[in-house]
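Asks: Work the whole structure out from these sequences, hints included.
Next come the chains, spelled out residue by residue.
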Amino acid sequence: MTENHAVSSHAGDHGHGSVTSYIIGFILSVLFTVASFAIVITHSLSFSATTAALGVLAVLQIFVQVTFFLHVSAAPEKRSDLISFLFSIFVALVIVFGTLFVMHNVGHLMMAR
Amino acid sequence: MSENNTMTANAAHHEHAHEHENHSVFGFWIYLMSDCIIFGCLFASYAVLHGQFFNAPTFKGLLDSHDIEFSTVAWETALLLLSSLAFGFAMIEAHKSKKSGTLIWMVVAAVLGAGFLALEIKEFMHLIAHGATPASCAHWSAFFTLVGTHGLHVTLGLIWMIVLIIQVMIKGVNPKMMPRLTCLSLFWHFLDIIWICVFSFVYLLSMA
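The listed protein sequences correspond, in order, to chains A and B. Count along the first sequence from 1, add 424, and you get the number used in our numbering. Count along the second sequence from 1, add 86, and you get the number used in our numbering.
Calculated from the structure, these hints are not laboratory results. Keep in mind that the hints are not guaranteed to be accurate.
Partial selection, computed: residues in chain B whose CB lies under 10 Å from chain A [claimed, not checked]:
| # | residue |
| --- | --- |
| 1 | Ile116 |
| 2 | Cys122 |
| 3 | Gly126 |
| 4 | Ala133 |
| 5 | Leu165 |
| 6 | His212 |
| 7 | Ile245 |
| 8 | Ile279 |
| 9 | Leu290 |
| 10 | Ala294 |
Derived list of chain A stretches under chain B, where covered just means 3 residues or more per stretch with a C-beta under 8 Å from a C-beta of chain B [as the list claims (entries may be wrong)]:
| # | segment |
| --- | --- |
| 11 | 451 to 461 |
| 12 | 486 to 495 |
| 13 | 499 to 509 |
Being a predicted model, the structure only gives us computed values, none of them experimental. Yeah, the Cβ is synthetic: ideal placement off N, Cα and C, and Gly gets one too.
Replies: In structure tokens:
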């Protein structure tokens with residue numbers, strides 16, 4: 425009984441979501457996912473516009489998942505989670521765009537020869 | 087008086103357990119962030135190598151001849167998203183210390199996750215049967231490394247989930263179980279985030 429109490433005493437909604445927040449996150453995820461698929465299936469946009477739209481929708485989906493499922497927020501006790509997350513995203517983006525930039529330039533220089 | 091003493095002792099113990107839980111969960115979070123960077127590297131190599139088909143079958147070619155079905159990736163996405171939601175519900179039940187509710191939602195999450203894995207393995211076999219193997223060209227090499235690493239993570243997550251289902255079955259949901267369940271929930275939701283990038287930039291962009 426004491427054990428049970430120990431677990432539930434700080435449960436509430438604080439820090440780990442409720443049924444409502446999970447459902448909201450799920451519905452938003454489904455909406456953005458369906459939008460991504462719809463753009464590709466209908467071929468309604470040009471290739472570069474499709475790429476941009478998929479990028480924006482992916483960022484939105486990641487934001488929804490991180491907020492509603494991983495419960496990362498700007499709250500003081502979650503601050504270190506948020507900072508480490510933003511730093512990792514930054515490093516990952518540097519790797520991806522840095523690689524593309526360098527390899528693009530390498531391609532151009534090789535062509536010139 | 088003695089009642090009071092036990093209460094403070096319990097509270098102190100609980101405080102300590104909570105502190106411990108926070109530390110191990112944060113440590114696991116740091117591991118996930120390093121995993122995030124690994125996937126960043128794999129996405130970078132895919133971005134550079136995609137489209138380099140040499141003589142191997144192309145993505146569009148396989149799609150046009152219906153060797154790849156558009157619906158497969160949609161089903162995979164749906165299964166993984168629902169599995170993530172189911173594990174979220176399992177965590178809510180776990181925070182209420184409800185053993186049966188936790189178990190039911192964990193089993194649902196595991197079954198949906200296994201469904202995702204089955205579809206992915208089926209698709210890999212299909213691709214390999216049509217000559218799109220990891221050894222055939224740069225594109226498929228990068229593709230199988232990236233998507234395969236995600237699939238491997240899902241496999242390990244499933245094994246971990248089965249272990250925790252058995253532990254919850256035997257020991258119930260106690261304060262010692264909470265950090266383990268919390269770490270797995272972070273891992274499972276994180277895989278969903280990686281899958282968003284995979285289906286957007288690997289599948290949908292090749293189909294656009």
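Asks: Against which earlier hints does the structure fall short, listed by number upward?
Replies: Hints 5, 6 and 7 are the ones this structure does not satisfy, whereas the remaining hints hold.
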